[in-house]
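Enquirer: Each chain, written out:
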Amino acid sequence: MPTLSKRFSIKARDYLRAGEVSIEVQGILKKIGFDAELIRRVSICAYEAEMNVVMHGGDGTLHLFVDTDAIALVVKDSGPGIENIELAMKEGYSTASEEAREMGFGAGMGLPNIKKNSDSLKIDSEKGKGTLVAISFHQPA
Amino acid sequence: MELAQIKEALKANLIVGEDKLGMKIEAGAGGDLMSDLLRRPMHGVVVLSGLNNMQVIRTAVIAGVAAVVLVRGKEPDQEMVSEARSHGLPVLSTPFTMFTACGRLFRQGLRGLDQKLSE
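Taken in order, these protein sequences are the chains called X and Z. Numbers 0 to 140, taken from numbering that gives the first Met the number 0, label the letters of the first sequence in order. Numbers 0 to 118, taken from numbering that gives the first Met the number 0, label the letters of the second sequence in order.
Just chain Z, same shape as in the assembly (with noise of 0.2 Å):
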């Protein structure tokens, strides 16, 4: 799925990362706590986060994430989208709470991080 897929699917503004719409995006990933998006590798991986603070940015960066989505209309702050532009994270916003958005994303065929378990 290409990023721009994603934005609107999550009616989404696009906040940093106006030239990466055409990213392929592999996988989504949603949470709020920083070492679980630290513990593997997030290389096309969205990651949707309800904590909007400069740590979200920082620690997708550090994670190698391609994109992140801040839920429920969650706006960064200049110092964070300077950073996020700085290391060409994309960064968007979505009005749709976690569950909502995690859930449109999986209904669009988007996979998520886990490994296959028997029924």
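Just chain X, same shape as in the assembly (with noise of 0.2 Å):
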């Protein structure tokens, strides 16, 4: 399988484009080739994290890492941070807006279900400096 490395920009705001980015990833992955077990859990991470990207973030960017054997997404936004991390892993705990919410979104999910699809997840984040989630996932042998 082909080693690659892409970089996305994910605009604060847009619902209307909101998601793009994450099925593009999705395309490619299907592309190479990768399990469809495997393809459906990076997808609902990046399209969790892109979301949250969207609806709390300033514009950010997600980065795409494949390698044969593991996938990373890297997705950094300069948006308000997350100021109690602990606090946003639990399931039900938002801060959505209501237009986040009109929208299907803010149940206070993203988090929790990015953590349940992937083998790693590490979040880096302080008020005001924005947040910089990595994601990673395994091949299955």
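Please note that a few of the clues may not be correct.
[As the list claims (entries may be wrong)] Pairs of lysine-lysine residues, derived as BS3-like cross-links and limited to a Cα-Cα distance of at most 25 Å, are as follows:
{"hint": "1", "chain 1": "X", "residue 1": "Lys114", "chain 2": "X", "residue 2": "Lys126"}
{"hint": "2", "chain 1": "Z", "residue 1": "Lys19", "chain 2": "X", "residue 2": "Lys29"}
{"hint": "3", "chain 1": "X", "residue 1": "Lys5", "chain 2": "X", "residue 2": "Lys114"}
{"hint": "4", "chain 1": "Z", "residue 1": "Lys10", "chain 2": "Z", "residue 2": "Lys73"}
{"hint": "5", "chain 1": "X", "residue 1": "Lys30", "chain 2": "Z", "residue 2": "Lys19"}
{"hint": "6", "chain 1": "Z", "residue 1": "Lys73", "chain 2": "Z", "residue 2": "Lys23"}
{"hint": "7", "chain 1": "X", "residue 1": "Lys29", "chain 2": "X", "residue 2": "Lys115"}
{"hint": "8", "chain 1": "X", "residue 1": "Lys29", "chain 2": "Z", "residue 2": "Lys23"}
{"hint": "9", "chain 1": "X", "residue 1": "Lys126", "chain 2": "X", "residue 2": "Lys10"}
[Unchecked claim] Partial pick of chain X residues on the chain Z-facing surface, computed with a CB cut under 8 Å:
{"hint": "10", "residue": "Thr2"}
{"hint": "11", "residue": "Glu23"}
{"hint": "12", "residue": "Ile27"}
{"hint": "13", "residue": "Tyr46"}
Read the hints as simulated data drawn from the structure, not as lab findings. Yeah, the Cβ is synthetic: ideal placement off N, Cα and C, and Gly gets one too.
Please assemble the complex out of the two chains, which come individually in their own frames, going by the hints.
Expert: Given below as structure tokens:
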């Protein structure tokens, strides 16, 4: 399988285009020919992370890294940061806007869903300084 | 159950997916919370939604949903239609409310995503 590194931009509050990056990531992984279940897990994590940037972040980027036996997503934004990461990891805890909720998001399941579907999740965030989320996946042997 | 039977049971309008009416649908789910749809494998699952926006289509594509039914007669806009079409995702619109639409499919024998619980 080829190795690959590709970076995408994500625009905050752009709900019409939100999700396009993740669908592109899904397409790239399908084309490479990864296992369908692995693609499902990566796509879901990419989408939840992308929506987090759209809903909460300033503008941001999603960086996809593909190696022969592993995939990683690094999602960075210049948004307000997460004040309490432990709380943000709790199912049902949400600070989403009314606008995000009207779109069907903001149920407080984003980060928990990412954790559930990934092999490793690291969050680096400070109030006022943006957020970096690093997610990785191993190709099942 | 085939998608054509779902269309009939819901007296639905098929907006995208003329070529997919023979598709096998194994289960149904109803919901307006996108993250709920991203919790589990959704292959062969028809999703009924009261939300009518682009994120329903993108969530369905990401989650691998088989088909989307918009309830209460909602019609997707042109952007949603072309997005669904480009991903081969069937979209239907039913005049029934969420509760009634789910009930009609359940009565036809379509199961939900619940695990078996003891009574």
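Enquirer: Are the hints correct? Go through all of them and say.
Expert: Verification of the hints:
no. : hint                  : in the structure
1   : Lys114/X <-> Lys126/X : holds (21 Å)
2   : Lys19/Z <-> Lys29/X   : holds (21 Å)
3   : Lys5/X <-> Lys114/X   : holds (22 Å)
4   : Lys10/Z <-> Lys73/Z   : holds (13 Å)
5   : Lys30/X <-> Lys19/Z   : holds (23 Å)
6   : Lys73/Z <-> Lys23/Z   : holds (24 Å)
7   : Lys29/X <-> Lys115/X  : holds (21 Å)
8   : Lys29/X <-> Lys23/Z   : holds (22 Å)
9   : Lys126/X <-> Lys10/X  : holds (20 Å)
10  : Thr2                  : violated (24 Å)
11  : Glu23                 : violated (11 Å)
12  : Ile27                 : violated (14 Å)
13  : Tyr46                 : holds (5 Å)
Hints 10, 11 and 12 from the earlier list are contradicted by this structure; the remaining hints agree with it.
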